[in-house]
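> Put the complex together from the two separate chains, hints included.
Protein chains in written order, with the numbering used here: chain H, 1 to 252; chain Z, 1001 to 1187.
Do not take every clue at face value.
As the list claims (entries may be wrong) - Counterexamples of contact, computed for chain Z against chain H with all Cβ distances above 12 Å: (1) Val1025; (2) Asp1039; (3) Ile1046; (4) Val1083; (5) Met1102; (6) Gly1120; (7) Trp1127; (8) Leu1143; (9) Lys1162.
Claimed, not checked - Examples of chain H residues lying across from chain Z (beta carbon under 10 Å, computed): (10) Trp216; (11) Leu217; (12) Thr218; (13) Phe220; (14) Thr221; (15) Leu225; (16) Thr229.
Stated by the list, open to error - One-sided and incomplete, this derived list gives chain Z residues near chain H with beta-carbon spacing under 7 Å: (17) Gly1028; (18) Ala1030; (19) Ile1034; (20) Leu1112; (21) Gly1113; (22) Phe1147; (23) Ile1151.
Quick caveat, the hints were computed from the structure, so don't treat them as lab data.
For every residue, glycine included, the Cβ atom is placed at its ideal position computed from N, Cα and C.
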Amino acid sequence: MESHDGDQRDPLSLSAVPGGPTSYDEVTTSQPDLIEGIALLGLGLFLEGSNLVMRYAGLSQADGSSSQDNRSNISSAQLTRHALIGLLVESRARARARRAAVRQARRQFVDRVSSAAAPLTHRFPVDVSLALADILTGYGRWKVESTVDRLAEQGWIEEVRARALAQRAFDSLVDEALAYFARNPAVRELVVQQSEEAAAGALDDLRMRAQSADTWLTQFTRRVLQRATRAPGSIAAEPDRSMATATDKSGA
Amino acid sequence: MDTTTTISKDTKKGTKKGTSSRDQVRAGFASRMIAFILDLVIMCMILLLAGIFVQIAGLYFPLNRLLAQIAGIGAGDALRAPVALVFTIAVFSGYPVFFWTMIGQTPGKWALGLRVVRTGGQPLTVWRSILRYLAYWLSALPLFLGFVWIIFDAKRQGWHDKIADTCVIYVTRPARRTARLPAAIPQ
Chain H
1 MESHDGDQRD PLSLSAVPGG PTSYDEVTTS QPDLIEGIAL LGLGLFLEGS
51 NLVMRYAGLS QADGSSSQDN RSNISSAQLT RHALIGLLVE SRARARARRA
101 AVRQARRQFV DRVSSAAAPL THRFPVDVSL ALADILTGYG RWKVESTVDR
151 LAEQGWIEEV RARALAQRAF DSLVDEALAY FARNPAVREL VVQQSEEAAA
201 GALDDLRMRA QSADTWLTQF TRRVLQRATR APGSIAAEPD RSMATATDKS
251 GA
Chain Z
1001 MDTTTTISKD TKKGTKKGTS SRDQVRAGFA SRMIAFILDL VIMCMILLLA
1051 GIFVQIAGLY FPLNRLLAQI AGIGAGDALR APVALVFTIA VFSGYPVFFW
1101 TMIGQTPGKW ALGLRVVRTG GQPLTVWRSI LRYLAYWLSA LPLFLGFVWI
1151 IFDAKRQGWH DKIADTCVIY VTRPARRTAR LPAAIPQ
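If we strip away everything but chain Z, and leave its shape as in the complex, we get (with noise of 0.2 Å):
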């Protein structure tokens, strides 16, 4: 189903009920933020269960000392640094490019209820995705300026945004589903 459509529908769906359009506003900073603080702690997590993983099946698998053999270096160091380092550049790269690219918002952004869309509406493609994450570190060169951007700016849009023609939308909410209880416990 395309993204525009919907949206265009819901306005005019709220616009003629009556009911609240907060859901094609802009997500602020201070939602932005929290997701983002999310979005870090469950990348951590994913990164030292995966160096846990990586340490056992050092021990099974002993590549660190045959590696430590060959080239004469320390046993510890042989394999560390460059396995830890590709496991963190997957993991903080491919995180938020597999999440938006398939369903538009991270586990963070689930949370808060938000959404990365482009700017008409569309869905990311995995191309623009891996754009947005690259301009990512466009905003967090100069002291985090383009993303603090997003508080000044008219549109809500960090210089993440304005370069991969991006928006991050508060998603419609689920309604609240009320308790419903079980007819009767069996004796």
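Extracted from the complex, chain H is given alone in its bound form (with noise of 0.2 Å):
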């Protein structure tokens, strides 16, 4: 699950944004991971039950011709149960890297702040620093927030989320199509036909192939043999008229 890699084009990406709450603590901090945690676990028990019902549903109402169309049904639930939990998983992750970031920037915005403004400091009151802090923590919740809806009224996060679902639905598409030419008779039976074709085919070229060796190597040791016996001293033999037919034969 991607966490800072989308940063560099990231419209989220706060770490320009000027400063933000000086008064966070770890409290603060890690009390909505908590709570996303429960959250994220209350949406699956959900729609893991969800998916349960639909199942259950699925069976009652099912009978023998129509019980392969409520299979796929039921994968295709899972399938989209399964994007929706990946997107918000990966929203959330998004979201605290984010937040992660407007807090880097933070410190730092505050420590330059700090020490270009600590000569000046002893001769303002404490309450105006205070105040600036809260105008620029204000600011940067306003900034953060217009961000996220801009981006919701654009349709980035119902893109994304089409993209996951469509994904999904082509990959069931496919295996559905795939089942039901698996399922079709006159398919398979097409299928087991040019399978036996190709494997027929492939023994008869090697037959093919090795009765040709045969020949080749038969003719070649002839060929060896002939000048051996041709050499100088030697009586020309006549060939084997057994083998020489038996070469012709298999040279047909």
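Take a look at the structure:
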């Protein structure tokens, strides 16, 4: 699950956001994670329960002819559920990463402001500094919320969700098409027949090549033996009639 | 059906019709070697599966430990060597003898379109198959010279063929089946 790789092009990257709240502590930052975890658990349980309900409802309405369709519906529902959970977890992780970036930017900003305003702080009252920090914090929050709202209005989240669902739906469609072809007896017969044809063709080709190799080897041996017998001082031997007959037959 | 009669009839038919008479030609070294390699691969697979089966059966019936306690030897070596030896001998000798006797061709020879027959064309009996298998060893002992002899022999016979009075011939090639498409795909 990606967390930081999209920060360069992500409009929610708040490294340029000037400042944030200075009163955050570890308790307030860890509390949302717990809440998110509980929410995720609840959502997962809800989706699992809904899936079980859909499964039992589909099975109770199933008859002998439509059992395959119910099975495919259940698998599609499971795919949709997985896509939703994946989308939700990914968006939560992105938000968590952005919040960490906000915290880091805020610390840097506060440090810079503090160091730059150190000579002047003794001349101004503390209330003014706190008021300035509140203003900056409010600006940061407003910036984040407006960016999220703008992205939601632009349909970014919907686009991501649609892409994820479309991919799952396409996979499901391909599976269903393959299952249809596998169930079809004519297609199955055609596949079996073509496989048998291919296997028989390969065997025939192997036999032909082996027989050609036999012929070549026999002819080669005969030539070598004839050369050996035609050596100087020896009588040329007549080629074996039976061997020649076999060679001619095999070469036919 | 008598194989001799079949071969002679086929020869006459081939002569009359002008078709190829390659079916009665004896197979050469290359075809037989490829067939033998295929048979070796099949036999090794059979041995592998048999070894796995025996290992699993040994887990269910721990005769290995029982024999180890009785004989006082290592539990891992008590039965492994003799069982492996018995299985190896059974597979390497029973495989060719069984197929030569039953159908005249091992699976490797079937793939290459070969068949083992007697020189007169009769199928092999059990004892002649055993004799041919034992003659395999005689052909293999002098650096496989008995097998290489097929190349130089005018009748394309190895030593084991000569001892058992057998030969390997090309079987009639099956006609290529034409593609038969189904009538229609139901919607």
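> State for each hint whether it applies.
Checked hints:
1. Val1025: Violated, since 4 Å does not exceed 12 Å.
2. Asp1039: Correct as stated: the minimum Cβ-Cβ distance to chain H is 14 Å, above 12 Å.
3. Ile1046: holds, 21 Å
4. Val1083: Valine 1083 of chain Z is indeed farther than 12 Å from all Cβ atoms of chain H, at 36 Å.
5. Met1102: holds, 20 Å
6. Gly1120: holds, 16 Å
7. Trp1127: Tryptophan 1127 of chain Z is indeed farther than 12 Å from all Cβ atoms of chain H, at 28 Å.
8. Leu1143: holds, 18 Å
9. Lys1162: holds, 14 Å
10. Trp216: Hint holds; tryptophan 216 of chain H Cβ to chain Z Cβ min 8 Å, cut 10 Å.
11. Leu217: holds, 6 Å
12. Thr218: Where the cut-off is 10 Å and the nearest Cβ of chain Z is about 6 Å from threonine 218 of chain H, the hint holds.
13. Phe220: At about 9 Å, which falls below the 10 Å cut-off, the nearest Cβ of chain Z leaves the hint on phenylalanine 220 of chain H intact, so it holds.
14. Thr221: holds, 5 Å
15. Leu225: It holds, given that the least Cβ distance between leucine 225 of chain H and chain Z is near 7 Å, below 10 Å.
16. Thr229: Since the shortest Cβ distance to chain Z is 13 Å, the answer is violated.
17. Gly1028: With a minimum Cβ separation of about 3 Å from chain H (threshold 7 Å), the hint on glycine 1028 of chain Z holds.
18. Ala1030: Because about 4 Å separates alanine 1030 of chain Z from the closest Cβ in chain H, which is inside the 7 Å limit, the hint holds.
19. Ile1034: holds, 6 Å
20. Leu1112: Cβ of leucine 1112 of chain Z sits 5 Å from chain H, so the hint holds.
21. Gly1113: Cβ of glycine 1113 of chain Z sits 4 Å from chain H, so the hint holds.
22. Phe1147: Status violated, d = 13 Å.
23. Ile1151: Status holds, d = 5 Å.
Comparing the model with each earlier hint shows violations of hints 1, 16 and 22; every other hint is respected.
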